[in-house]
Amino acid sequence: MRARYLVPTIYIIFLLLPIYWLLNMSFKTTNEILGGFTLWPHSFTFDNYKVILTNPSWYNGYIASIEYVVINTILSVAVALPAAYAFSRYRFLGDKHLFFWLLTNRMAPPAVFALPFYQLYSAVGLFDTPWAVALAHTLFNIPLAVWILEGFMSGVPKELDETAYVDGYSFWHFFIRIFMPTIAAGIGVACFFCFMFSWVELLLAKTLTSVAAKPIAALMTKTASTSGYELGLLAAAGSLTLIPGAVVIYFVRNYIAKGFALGRV
Amino acid sequence: MGGEVRKTVNQLGWLFVLPVVALVAFNAVIPLMTVVNYSFQESFGDNVFFWSGVRWFQEILNSSRFHEALLRQILFTAIVLAIEIPLGLAIALAMPRRGPWVSVCLVLMALPLLIPWNVVGAMWNIMALPEIGLLGKAINALGIPFNYTRQPVAAWFTVVLMDVWHWTSLVVLLCFAGLVSIPDAYYQAARIDAARPWAVFRYIQLPKLRYVLTIAILLRFMDSFMIYTEVVVLTGGGPGNSTTFLSIDLVKTALGQFDLGPAAAMSIIYFLIILLLSWLFYTLMTRNEAR
Numbered sequence: 000m001r002a003r004y005l006v007p008t009i010y011i012i013f014l015l016l017p018i019y020w021l022l023n024m025s026f027k028t029t030n031e032i033l034g035g036f037t038l039w040p041h042s043f044t045f046d047n048y049k050v051i052l053t054n055p056s057w058y059n060g061y062i063a064s065i066e067y068v069v070i071n072t073i074l075s076v077a078v079a080l081p082a083a084y085a086f087s088r089y090r091f092l093g094d095k096h097l098f099f100w101l102l103t104n105r106m107a108p109p110a111v112f113a114l115p116f117y118q119l120y121s122a123v124g125l126f127d128t129p130w131a132v133a134l135a136h137t138l139f140n141i142p143l144a145v146w147i148l149e150g151f152m153s154g155v156p157k158e159l160d161e162t163a164y165v166d167g168y169s170f171w172h173f174f175i176r177i178f179m180p181t182i183a184a185g186i187g188v189a190c191f192f193c194f195m196f197s198w199v200e201l202l203l204a205k206t207l208t209s210v211a212a213k214p215i216a217a218l219m220t221k222t223a224s225t226s227g228y229e230l231g232l233l234a235a236a237g238s239l240t241l242i243p244g245a246v247v248i249y250f251v252r253n254y255i256a257k258g259f260a261l262g263r264v
Numbered sequence: 000m001g002g003e004v005r006k007t008v009n010q011l012g013w014l015f016v017l018p019v020v021a022l023v024a025f026n027a028v029i030p031l032m033t034v035v036n037y038s039f040q041e042s043f044g045d046n047v048f049f050w051s052g053v054r055w056f057q058e059i060l061n062s063s064r065f066h067e068a069l070l071r072q073i074l075f076t077a078i079v080l081a082i083e084i085p086l087g088l089a090i091a092l093a094m095p096r097r098g099p100w101v102s103v104c105l106v107l108m109a110l111p112l113l114i115p116w117n118v119v120g121a122m123w124n125i126m127a128l129p130e131i132g133l134l135g136k137a138i139n140a141l142g143i144p145f146n147y148t149r150q151p152v153a154a155w156f157t158v159v160l161m162d163v164w165h166w167t168s169l170v171v172l173l174c175f176a177g178l179v180s181i182p183d184a185y186y187q188a189a190r191i192d193a194a195r196p197w198a199v200f201r202y203i204q205l206p207k208l209r210y211v212l213t214i215a216i217l218l219r220f221m222d223s224f225m226i227y228t229e230v231v232v233l234t235g236g237g238p239g240n241s242t243t244f245l246s247i248d249l250v251k252t253a254l255g256q257f258d259l260g261p262a263a264a265m266s267i268i269y270f271l272i273i274l275l276l277s278w279l280f281y282t283l284m285t286r287n288e289a290r
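Protein chains in written order, with numbering that gives the first Met the number 0: chain A, 0 to 264; chain B, 0 to 290.
These are calculated hints, taken from the structure and not from any lab test.
Source: prediction; values computed, not measured.
One should not assume that every hint holds.
Per label pair, the in silico range of CB-to-CB distance [what the hints assert, rightly or not]: (1) A:49 x B:149: 33 to 39 Å; (2) A:35 x B:255: 35 to 41 Å; (3) B:13 x A:8: 38 to 44 Å.
Here are some of the chain B residues that sit facing chain A, going by a computed Cβ distance under 10 Å [claimed, not checked]: (4) 11; (5) 29; (6) 37; (7) 92; (8) 109; (9) 195; (10) 270.
Ideal Cβ placement from N, Cα and C applies to all residues, glycine included.
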């Protein structure tokens, strides 16, 4: 092992330390946590996890989170696909301005939208449903999906489209049966990013829900404030939110940078 | 919009983008109109509104509270950019380019990016607790008093460290992808010319990394300028107001005090600042692409 690999190794250790500490806390009893500083759980317990997995007010948070994340991902990518195709293949009136306008929504601070969203989604009767959060998250996920997909589609030569038309395929047949499989990796990456940003965003998700559709991560804040200082529960709930991310990341590990570069590396 | 594909003029393109425009307009235009509307009015409970002209804008632009939050925000963004960009670049340069370890590195490094933001805050909260946190205990053991709930400096240190932990990987991943895309022939040519490592970096790697670095800077600028959840969970904006950044101040005004007018005026100013700075980055980016 060469000396320069020390840099990434130290960096990864630095990344894993807080994660270890969170896991460490989640396996401790409340007494041990408050009792003092221990590097690993001396009285190892699964109780914190048991509470979360058996108490509906906890595990419903997971279900709510997954619900709006999935709705959001499907919705964002479905509408972004044709739009990205148009941006990558056609020139039309105002296309550049439209593209930049979409991009500005990625720059909008969620804090700016929190209050108007609360009023808007209350007015249309969607408040406290997964749909409200899913729709609100399309604000930044649709522009992102359009960007990523446009980047991937620009890499596909236009001859593919033209050959398909010459061969007598209809547009939709070509688009669904030939074009979409060609950019399957791009669709996967776009889905991943929509999933990711919907999963990690909390300000809007918290503002737009009260009881029924409260996301798991927001429930954690509640624990810290109402039922005393239950660090073990908090840590266990936090540890469980790491799992979906860790699972999906494995599938896109080779494309993740390309996604962040909006399909252009 | 870059691209190698030659485009044809086709106004039907509008039909393709219509669903996107409809959804984003619903989400962006209606709330923005609400905000603009509030920003010119005075509210008295029960939905009674009076026209108040540009008063809120004048008040916000002259309020020391806004100036301080803006200053803290700029300072925070500058610090994290100054740490994360060079650090991310250095780690990407030191990483192995191929072999089984690449995937392991990428997966482990991407992990912090997929943790819900308030869990990130909670994690560092637990990590930095002076009595039972690994970081807090370690610093105190060195003989330096450390308590992020009391000392502004400790709070800033923890917040910056958290952001470095959270987002440096993004820079690493982008730079790594840029480095991998450099063909081997370039390095072989450099070896024939007996180029020094610095020359290889300056004349081969850096030009290729320009595009990814621009994106990394743009993304890190935007996201650090909007930081909210992580800091609220970690410090709640305190001690005092020492870590109250723009978003935190805005949410306090809008949802905490329900001062709709000032909050709306502040939203617009805040958004315009980000828009202006991002537009600068965007034009720089597209100019590079055109070259």
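Hint check:
no.	hint	in the structure
1	A:49 x B:149: 33 to 39 Å	36 Å, holds
2	A:35 x B:255: 35 to 41 Å	36 Å, holds
3	B:13 x A:8: 38 to 44 Å	52 Å, violated
4	11	7 Å, holds
5	29	6 Å, holds
6	37	8 Å, holds
7	92	8 Å, holds
8	109	5 Å, holds
9	195	16 Å, violated
10	270	5 Å, holds
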